[in-house]
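Student: Construct the entire structure; sequences and hints are all you get.
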Amino acid sequence: MQRVRIAIDALSATDREVLLMRHIEQMPSNEIGALLHMSEAAVNMRHMRALERLRKVLTSA
Numbered sequence: 019m020q021r022v023r024i025a026i027d028a029l030s031a032t033d034r035e036v037l038l039m040r041h042i043e044q045m046p047s048n049e050i051g052a053l054l055h056m057s058e059a060a061v062n063m064r065h066m067r068a069l070e071r072l073r074k075v076l077t078s079a
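Once you know that position 48 of the sequence shown is 66 in my numbering, the rest is easy, because the numbers rise by one and skip nothing.
It should be emphasised that the hints constitute simulated quantities derived from the structure, not laboratory data. Be a bit skeptical, because a hint or two may be false.
What the hints assert, rightly or not - Derived Cβ-Cβ restraints for the label pairs, each shown as a range: (1) 69 with 49: 31 to 41 Å; (2) 21 with 52: 26 to 36 Å; (3) 67 with 46: 26 to 36 Å; (4) 34 with 78: 16 to 26 Å; (5) 57 with 21: 25 to 35 Å; (6) 44 with 23: 12 to 22 Å; (7) 53 with 26: 11 to 21 Å; (8) 42 with 21: 29 to 39 Å; (9) 20 with 55: 26 to 36 Å; (10) 20 with 48: 18 to 28 Å; (11) 43 with 66: 17 to 27 Å; (12) 70 with 42: 30 to 40 Å; (13) 38 with 74: 25 to 35 Å; (14) 42 with 67: 32 to 42 Å.
Note that beta-carbon positions come from the ideal geometry of N, C-alpha and C, so glycine has one too.
Tutor: What follows is the structure in structure tokens.
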């Protein structure tokens, strides 16, 4: 659990928000985009890249 927290803390604030809204709050991309003033496509790209960064950090240790 600590490794996950460290990996999440290493993300940018926006990436953390996107992951929180998507996975914890179960919000769709269009709603996240409206709240963060981003397009739905930008939200989807940030989400994908944030997950990839987390995967790299968690599998490297």
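Student: Return the numbers of the hints above that this structure violates; sort them in rising order.
Tutor: 1, 3, 8, 10, 12, 13 and 14
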